[in-house]
Each structure stands twice: as structure tokens, then as C-alpha cells.
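Chains as they are written, first to last, in our numbering: chain A, 1 to 162; chain B, 1001 to 1612; chain C, 2001 to 2250.
None of these hints come from the bench; they were simulated from the model.
Fair warning: there could be bad hints in the mix.
When the alpha-carbon atoms are kept at most 30 Å apart in a straight line, the in silico BS3-like pairs for lysine-lysine are as follows [unchecked claim]: (1) Lys1116/B to Lys1156/B; (2) Lys1572/B to Lys78/A; (3) Lys78/A to Lys2234/C; (4) Lys1596/B to Lys140/A; (5) Lys1572/B to Lys1612/B; (6) Lys1596/B to Lys18/A; (7) Lys1402/B to Lys145/A.
Derived Cβ-Cβ restraints for the label pairs, each shown as a range [stated by the list, open to error]: (8) Thr1166/B to Lys2009/C: 39 to 47 Å; (9) Val1576/B to Ala110/A: 50 to 58 Å; (10) Lys1583/B to Glu155/A: 54 to 62 Å; (11) Lys1583/B to Asp111/A: 37 to 45 Å; (12) Gln107/A to Val1569/B: 32 to 40 Å; (13) Val1087/B to Asp111/A: 30 to 38 Å; (14) Tyr2028/C to Gln107/A: 34 to 42 Å; (15) Gln107/A to Ile2226/C: 46 to 54 Å.
Note that beta-carbon positions come from the ideal geometry of N, C-alpha and C, so glycine has one too.
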Amino acid sequence: MDLSQIKQETLVVASTYKPEPRFLLAVLQDIQRKYKYLPKQSLEVVSEYLDVPLTKVYGVVTFYKAFSLTPKGENIIKVCDGTACHIKGSMNLITEIKAVLGIDPGQTTADGKFSLEIVNCIGSCALAPVMMINESYYGKLTPAKLRAVLESYREGGMVDAK
Amino acid sequence: MQSSKRLTILVCCGPGCIANNSMQVYEAFKKHIAGSYLNVEVAMTVECECDKESSPAIKATGCHGLCEHGPLVTILPHDITYIKVKVEDVSEIIEKTVLKGEVVERLLYTDKIQKKKLVKRDEWTFYRKQKKVALRHVGLIDPGKIDEYLERDGYKALEKALKDMTRSEVIEEVKKSGLRGRGGGGFPTGLKWSFAAQAEGTCKYVICNGDEGDPGAFMDRAVLEGDGHAVLEGMVICGYAIGVDHGFLYIRDEYGLAVENMKRAIVAARERGFLGEHILGTGFSFDVEIVRGGGAFVCGEEMSLIRSIEGNTGEPVPKPPYPADKGLWGKPTVINNVETWTNVPVIINKGADYFRSIGTENSPGTKVFALVGKVNNTGLVEVPMGTTLREIIFEIGGGIPKGRKFKAVQTGGPSGGCIPEAKLDLPVDFDSLTAEGSMMGSGGMIVVDDRTCMVEFARYYLKFLSEESCGKCVPCRQGIKTMLEILTDICEGRGQEGDIDLLVEIGQMVQEASLCALGKSAPNPVLSNIANFRVEFEEHIKNKRCPAGVCKDLTAFYIDSKICVGCAVCAKRCPVGAISGDKKQLHVIDQGKCTKCGICMDNCQFHAVRVK
Amino acid sequence: MEIIIDGKKVEAQYGETILEAAKRNDVYIPTLCHSEALPGLATCRLCMVEIVENGVTKRVASCSYPIQSEIEVVTDNEKLRRIRKTLLKLYYTMAPNSEMIRKLMEQQDVREFNRCKVDTENKCTLCGLCVKACETMGTNAIYTVFRGAAKKVGTPFDEPSEPCIGCGACASVCPTNAIEYLEENGTRAIWGKTFKMVQCKACGKYFATEEEIAYLYQKLGDDIDIKKCETCRKKANANRFIAAIKAEGF
């Protein structure tokens, strides 16, 4: 995508809000949703549109967890490390994912297929340990179940491993 | 359960059940009703939610509470509840229950305490001890239908406040009720309102704090998703009481459904004249705007949340001045948590005396808890204040799974602490938990058994807080970082003599010197674990041993030859093939291959896998 | 109104901070992030004091706690000393080579604390004065980025910050001299940018960057005198003052 297109699209998103500094988070959230990350050019456009210094925009972006400055993989794996999941072995899932995909939390596989994130509580404590891949939930996971789920995504499909 | 005679199918679509495919179950009910039951005409009425008394209404409701057994489906007026309903079960339920009123035995809930299958939900031990006030409608109504809220006295409290009460009478009633903030601090709500009412200036704000960031808690989410109008009604009443025309609803952006449902609720409330200009034909106007949170635990702290609404990083500022004097954009602001708001209409409708009749003297009313962890009935529970931890965990919660031993219950999340077995008869309220070095917090209640290491558990919370601290003040930022470093050392076998005292020293300083409530409470998990489980810390430091078998560097598993029956479950479950042994013979763990994940120990029903 | 500080009755104004009242009455309270020009950050927490207000004893940061009633303040006791000492141990792990931290440690009788990792390269304690100075200047060239343990002061994408005018206000307010800059051959290098400097009309010293001078003209108008360095300006002012006094015939 070329830069002017990003700038143009960003301005379209931003223009749904009044140009007031208080809408900084909302505008950034919408752009994040659009691209799954925040391109640098978007931050510049937002800074200008809302009249917020770029330094502050950058400070806000790096402060909140919802924002990412790097593009994400095709499939986003979110391993829940809420308390219930933690005491039921969420860290074993991280170890297993690393063994299968070779990535640590915060990283994306070289082929761009998977990104791994650790998230705090997705409210499905009864299914602990639980993870999400994109919008699908996988609960009461064991390393073996997890491996099967990952394999299915690798092949492009998805399974119901609940 | 309810008086309506209309045939209704309630499908729980709370976060736990959705993850268990409840939306598919809901769709299947809609499809089957449309396809096989009655005729096309009914299918259309199903779509537009049935005008005819005889045709069934299918509702996707908020959380029913017992997430462990989701998806839950209740059929009214028969009052039959099924658990773990799958798409395949739908046609049988329609055939037998919906059409003939018969019970499908295999889908019934088996109550472990009463030792029998139960048809009616209210008979389950899980529900019998509960008292629903804040969650009064959650799970019963379709949150997308304002009429269902209105049928249950919805917005009656607002009408009463606007038409029959003066502003100060409203504040007085809330004061008299003794309602305390459900977000953690427990500050008297009525007092907060009176401060803001007295504060100078005409421009003031009302905020609902829905930034539920505590890992292991989803009470507010259930309310926002399942009964949003109750929150709005509370806010409008407060707006009237303190003379405000604008409110903000700050909701975690991760709670997509909550945001959507609240948006719809706001639109519906405006259409019916409960929000907007000249509410209910009076001179009072009030409107609400949704702000989505950016993902920062610290924004649960009121000043940080206010800064976040203003478009800033969520960094707190020193108090005083308090928000009631100088809050949003420097104007007097009342900020209350979701659960607090839902209690307000009840207080106005039924009176302060009714509210005070529930709970304890200093903590009237109920509290919603997310009961999770090593407990049989994981879910959302609401109990009168003063209910003991033992009742919550062993009766409502149904005790500890797999015959393991209860070790502690953690309340208050990253700001709270662990309460050991000896204190299980503690009646739960704001003051009793604080006295034990824990706190009510927003309502997370995590049960742990002997497979949880209390050192690692404390480390877990500090890790969370080291990432979630805003980093503004030194005690919180550097204190948490340093304590985390020491705890990590202890967990990884580098613990030193004197570490425990050092943790206490730093922890106490962080409690005293931090700028905001996040920092002031951050050391609680460490300090309370040291106070109650010091021996476990010493075992890690002196003997380099983790008795729970969690800290991998300090753990070696073995199989007790006297207990092992050779069932081979451990060998089958081991993800790395480290366990071998012939059928009905003693199994052995290859220490070189073992990754210390502990899955063998968790799955051995004979408890033959031990920690060296 | 009257308050009590360390047993002594002193005058205080409603709304002023405890630190202000203490300073005016020559009571010493240790601080790090406090600057009279940029007050109220309340991040260093070294200025904790104990107060009794409406019968409640609590410990608060004196730099930001407003006096609203006739409180009693204690600036030094066992508990406060313990807080400061433990806090300074943490400061040592952050910035062990800062002169300011060393001085405070000596003053509060704190020894080196080596149980945990010590960052010998770092001098910044993240007090936030630099960011506040830059914000006050209106340049907004630096900001705090990230949060929690990862927080630092920085520029967007760690690149040279476009609005930076090289004024050095950030470096001059820093209590621990953590902001590096280099002045040589008529240039100043700071935050990844190098600026050409301007010489003082009177003494010839390089005293400000070209961008800074241009920025000040733009903000304050053409009639201000910023052709000379601060020393020469003070000298000129003093001379003018003396001349004026003489002219008055004193």
C-alpha cells in the first residue's frame, strides 16, 4: 500500500470524529482495527488532524496495550494468562506454541501466518486454560489439543477443538 | 423463576457460554423452530420476537452464572434448565421439552452436594445461596429489548426520583442505604454524590467505570452485556441528584459485545425518553457517551480513567483534589463502578431500608464475585455481604475438583491477597477482607489448591503489575520491578537469605509512598502470601524446593511405587513421552526428558505422582 | 491559617502545598523531582511527610498535598526515614552513578544496595521534569513512552524529534544530569540532532541554537533582546539598573 493511500484512509477514519484532542484514543482504535496495527504515517495524520503533538500521540500509542506499531500475522493467537488460566497451566501452552511455531509472545512467524500474544483474562475462566485464534475460542487446552489446533490453522483450515 | 406463561427459551450468551458455542446453539434453536415447529408464520414471529402468547420466544441472554456447565438453556414456563447443551441436542429439546413439556434427563444438572439430578435451576445449590440484586435481570432478559427491562420495573426508579423526590432526597436515600463503591475502594456512594452536589460550578460530569482489568474477573462485563439499562438508569438518577447533564461510560474496548449492547441500550433509552432532552417530560436533560478503554489496568484508577477520557495516557495525578471537586476537565465528577450503578435503581425503587436488610451493618447489599480457579462450579455468583468464604467456595462453588486439597482463596486480584484455610469462616465484606491484608477489589475470587505455588502466584501478580503500572512514580515502578526480580530469583533457585525480609521492606515502602491506588495495593499479593505461607518461601530459598511442583527449576516429579497401579494415564498424557512402564506395572519418569509441566500429577487420580 | 510543622507553629496559606509552607519556614524536606518553576510532578516521592488531618494520621507527598485545614506535619521520624532509605536503595539500582543520588544516599545514610541488578549506564530516574519543561516551552519534542517497567523518556520512533529546537531546557532541569548533549565548534548535539549555535553579541560565547532564537522571536515578538548570552544580559540589566538609580540621584 502506498503512503498517500494510508494517509488518505486515515483521514477518512479520523474525520468521523470532531477534531478535538479527546478523541485521540478513539481514532487510534479505529485505525488499529482497520490495519491491525498503526502505520507511522497514520500517526502523523492523526497528530495534525486532532492538533495533538506527534510526541504525545506516540506516547499514548506506546502506553496502551490495544495498539501495535508493527503489522500482525494472518492469525492472531491470544493465550489468556488471566489468573484462572495461569494456575491451570497457561504457561505450558506458551511453551508448546514456542515448540511448534518457534515464536515468543509478541512475535510473528517468519511466514507471517501467526502472531502470538499473551492477554489478561478474556472472561472465559470456566474454560481455563483458554486461548483465542482470531475470533474462535479453544478451551480446556492441553499441549496435545493445542498442537492439533495449530496444525489445522497451518493447513489453512480450522477445527473445532473445544 | 418467573411468572410469565409465555413459552420462552433462554440461551445463555455470556462470555463463558459464547466460548462454548452458545451462539450456535441459539441459532440452532431459531432455525429449528422456524423449520420444524409449527409453520412459517411462526418463524416470522420468532424473528420479530413473538407477539402471540402461544409462540415461543428465543432469547440470547446475558450470563446465567454457572459458566462451568455452559451453555445453559432454560425453558419457561416449565422452568427446566439444561447444561452443556450442544447444537445436536436442540432438536430433542424442542421435540420433548418445548412441545411436550418432558424432561431430557441426560442434559440435567447433577448437584454434587444434594447428590441428585435437578430440574429447576433455583433448586441447585449453586443458586440457592445466592441473592440477585445487581444481577437481577442478567440471564433473564434479552438485553437488546428495552421492553423486557421495562416489564421488570425498569426506569420506574428514575420516574420516582424525577417526579416524587427532590435532588437532596435522592442523595439522602443513597446515603441511608449505606451503598459502598463496588469497584474496590468501598467508599460510601451517597457521600461521594453529596460532595459533587456541593462542589461549585454548573458543569459537572458522571462517569461509569467499566474498565474491568483485573485478570480473572468478569462481573462488570456480565452486567454491561446482560442488563445495560440498569447501569444507565443508575447514572441518570445520579445526574438528576447532583445536577449534571452529561455522563461518560468508559468500557474496555476488548469487551466488544458490552460496547455494542450499551450502544443499543443508549439508543433505545433515548427513543423512549429516558435519556436526552427533557427526560420523562420534565425539565431535566441528561445524555451518555461511550468511551472505549485502550487496554490499561491502571485506568481502573479513577484519576487515570479521567485522564484517559481526556485523550491522555492513563497516568494518575495526586489526590486531593478528588474527582468530586476537580475531575474530568477539572470539573466536579462522580465516578462509580458498573456494579455500583446497577444497585442505585433498586435503592430508589425499594428504599434504603430494603437495601440495608441485605448484607451486613457496614457493608449493606450484595456483592458479585467471579468464582474461578480450582473450584467445581466456576462462574458468576452474587451473595449477600457477610456470606462466609466457606459457603461461597464449598457450597455455591461445590468444592475443589479432583479430590485435591484447598489451599487458599485470592480476592481482590492484583490489589488483593490470599486467604488461607484457617480463615475460611470469614464473613466477606469490605472491612473483613481488608483486615486480612486482602481486599474486596472488584470481585475476582480465585480458588487455588495444593498444586499452586504461593511464591510463583505472587510473582505472577507482580509480573502483571510491572507491565500494568503506568510507571510514573518511582516506588511503584521501580519497587515492583525490584520485588519481581527477587521473586523470580527465588522461583528459579537464586533466592538468598534475607530476601523475604527485603520483600517485606520494599513492599511496605511501596504501599506507603506510591502515588495512586494501584501502587499502594500492588504489594498486597506478595505481603499476604508471605504472611500466610512463609514456610513455602523459605523452602524455595533454603532447600531449593518448590513443594507445589510449579517452579520448574526447583521441581522433580517421581511416581510413588507404593501407590502407582500402572493405569498408564500419566504416560498417555505426558506431552514429551517422558513416562514409561508396562500396563499394571510401576511407571517411571525419565528426568532427562521431563519438562516439569506437571500434567502427569494433575491427571493421576491416585495421587501417585509426587514432588521430590 | 496556622499549621504545625515539627512541633512549631507556622503561618500557611489555604491551598498551598506543605512543601511550600515548609520551605518558607526553613524546614528542610528532601526532594528530587521538585522544581519551583515546574512544581507538582509528585513522582520521586522522597518528600513524604506524616500529617494528622481531622484526627487521621497519614503519610503524603508534601510537594503536592494542599493545606486545607490546620494540620500537624512531621517531616522526620522513624517511619519516614525508613521509607526514604528504602526508596533510595531503589534509586541506587536505577542511577548509581548520579551525583545527586549519591548525595541523597549519603545524607540519608544509605549504603550501596547490590542485591538486585544495578544499571550502571543509566542516570535517569524518570522524574518527568524534562518532559514538563519541553511541554511548557511549547515545543513538545520529547514525551514519556511505553509504561511500567519499560517506561522511558524519548522521541517518536526513537528518531530525531522534528519539533526539537535544541534549547536544552530538558537537560538544564534534569536533577540527575541524565540528558546528554555535546557542545563543540559552535554546535550543540542533543536528542539525535545537531544544531548550529549563535554567538553572544557582547562576549562572543556560543549561547543558544539558531532554532531556539527563531522560536523565541516567533513566540515573544521581535522586540525582545536575545542577542546576548544570559550572563551578559544580566550584566547589561545590572548596568542599566545602576544607571537608573544614579539618575534618580541616590
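Can you name, in rising order, the numbers of the hints this structure does not satisfy?
-> As far as the earlier hints go, 1, 3, 6, 9, 10, 14 are violated by this structure, in ascending order.
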